[in-house]
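Chemist: Chains A and B, in that order, give the protein sequences.
The first sequence begins at 1 in this note's numbering and counts up by one.
The second sequence begins at 1001 in this note's numbering and counts up by one.
Keep in mind the hints are simulated off the structure, nothing from the lab.
This structure is a prediction, so every number in the text was calculated from the model and none was measured.
Worth double-checking, as some hints may not be accurate.
With the C-beta cut set under 8 angstroms, the calculated list includes, among others, these residues of chain A facing chain B [unchecked claim]: (1) 58; (2) 111; (3) 149; (4) 153; (5) 176; (6) 178; (7) 257; (8) 289.
All residues carry an ideal CB built from backbone N, CA and C; glycine is no exception.
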Amino acid sequence: MRIIELGYVLVGAPETSEWRRYATDVVGAMAIDDPSGALYVKTDMRAFRIAVLPDRDAGLLASGWLVPDEPDFFRARSELANDGVIIEDGTEEGAGLRKVQGYFAFRDPAGHRHEIAWGPISDFTPFVSPVGVSGFVTGDMGLGHVVLAAPSSMEQVMEFWTKPGRFGLSDILHVPGPSGAARINFLHCANPRQHSLAYAGLPVPGGCIHLMLEAGSVDDVGRCLDRVARHDVPLLATLGRHVNDEMISFYMRTPGGFALEFGAGGKRMDWSEHLVFETTRGSDWGHQWRA
Amino acid sequence: MKAEDGMGAPKVAVVSGATSGIGLATARALVGQRFRIIAMGRHSGRASAADAELRAGAEGAEIDWVIADFSRLADVRRAAGDIVRLTGHIDVLVNNAGLLLDRRSTTEQGFETTFAVNHLAPFLLTTSLLPLLKAAPAHVINVSSVGHTMIDDMRWHDLQMERDFAPLAAYAQSKLANVLFTRELARRFHGEGLVASAVHPGLVASRFPLTGGADTRAYYAAAQASGEALTSEQGADTVVWLATAPGAALPSGGYFAERRRIAPSAAGQDDDGARRLWTISERLVGQA
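Isolated chain A, as found in the complex (with noise of 0.2 angstroms):
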């Protein structure tokens, strides 16, 4: 299957209403409530990139992943299938809400559900920030990425993204775990994003580590994290700059128990030309996490 980007993610919250608050005056998005119950979070010209759903629990519920038509589509879901990978179709109230053609869900080998979908619906509303952030990086690159943790069975993960998924591996990171050095493995699709989608060896609550936004510039991350102070908003890595992505960003908490990476300066990837490296170091300086 041909995944071309990280199209939107759901999250789960058991009030929606604190997700609503931190994605416009603490992100910077905009929030836009549904009928449903659904708190849309929209970044850039699409309807949405985050759906925040009403749910017991709060955290990621799942990564949607988009192909480019409806051929690529059903070739995905017949691939994925002859595999031995257990299918969940979509339901068209389902489409609906995640405004997209048509969807299904699968669950990785760590147990995360994933969804691959086509033909996303937008009116093209231009993205106006509340809090007068430039914009996000989106557009080809898709939303940004997500980073997941694989304790028990990273070998399956990457053996289901590389061969049926068809993401290339990016690079590696070593960090320290409880069983001896932990690795991170970052994952490309068919986009110049140097990552859209990473798996930790790594127990983590929740299984989500965390979701990045990229904004438009370095001083969109400096305003964010004044609000981030303004708000109490819990800082959980200093601003840093990534070895692999370049991107400089810092982590803080959200309402979903998971991170949410602010970054800005993406490197843009020419595939043809790179060389998977490994390195135990995860940033130039900076992203000092504390307790």
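Here the structure of chain A is known, so what remains is to put chain B in place on it, guided by the hints.
Modeler: Coordinates of chain B only, in the frame set by chain A:
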């Protein structure tokens, strides 16, 4: 403010593993909320020191200690009897005592020690105290861990891990058992008002990692050095929050971290597994 039941009597909290770490921090916070505490520990010397610490600056604190070695189920059964003699009801039971080992060992009854101490002992304690727990009705808070996600499922055909033993796998299984026990406890007794929750406290710089393997000790030491490790008070935060705001835990059976209800692993959401573990545990503690 004094925590009271509807009749004006102080609320009663039983806290295991209360001589240090998360348990001591939980007991301290609940003493501060004027709970009557029944604290459990393994060593009477450590219990005396913790008792003095809990009473310092807490005039009129009501604290009783019950000494029990959780690797001995007969000791747990006797401790439950001691608790029954101390109180007619329990408002909060915090099953916190737990350990991590660096090699396989077995208890006198032949159970793998991690499984016995971290799962069978709190299972036996809780089920032995059910009349007192139903009387309040109580909130049972099981200190589990995100470590439960490091194993795909219980090793149903080798729960004592006689084959391919790994200390972290044994720990992960015992913490998954805590999640499944919470789920089944909630299912069985929600009709009687009993609330059960499991908690991931975070990576806490306590005595806990000291009995683990070299890699685990190094991991905790690195987290402590970088400032990423939590204090015992931070680790106890969600436990204390749940103990003092039981409505936050409804519907019963949830898994919490950082004061948020989150999803446990897929195996931790398996209701059949939860029933199965309960049945097996009843049989195992019945034999012992």
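Chemist: Decide, hint by hint, whether the structure agrees.
Modeler: Hint check results:
1. Using the Cβ-Cβ criterion of 8 angstroms, the hint placing residue 58 of chain A at the interface with chain B is satisfied: the shortest such distance is roughly 5 angstroms.
2. Given hint, residue 111 of chain A at the interface with chain B, holds; its Cβ is 4 angstroms from that chain's nearest Cβ, closer than 8 angstroms.
3. Given hint, residue 149 of chain A at the interface with chain B, holds; its Cβ is 7 angstroms from that chain's nearest Cβ, closer than 8 angstroms.
4. Checking residue 153 of chain A against chain B by beta carbon gives a least distance of about 7 angstroms; that is within 8 angstroms, so the hint holds.
5. A distance limit of 8 angstroms between C-beta atoms decides the matter here; for residue 176 of chain A the minimum to chain B is near 5 angstroms, and the interface restraint holds.
6. Because the smallest distance between the Cβ of residue 178 of chain A and any Cβ of chain B comes to about 5 angstroms, under 8 angstroms, the interface hint for this residue holds.
7. The interface hint given for residue 257 of chain A is met, as the beta carbon of that residue sits about 5 angstroms from the closest beta carbon of chain B, less than 8 angstroms.
8. The interface hint given for residue 289 of chain A holds, since its Cβ lies 5 angstroms from the closest Cβ of chain B, which is under the 8 angstroms cut-off.
Of the numbered hints listed earlier, not one is contradicted by the structure.
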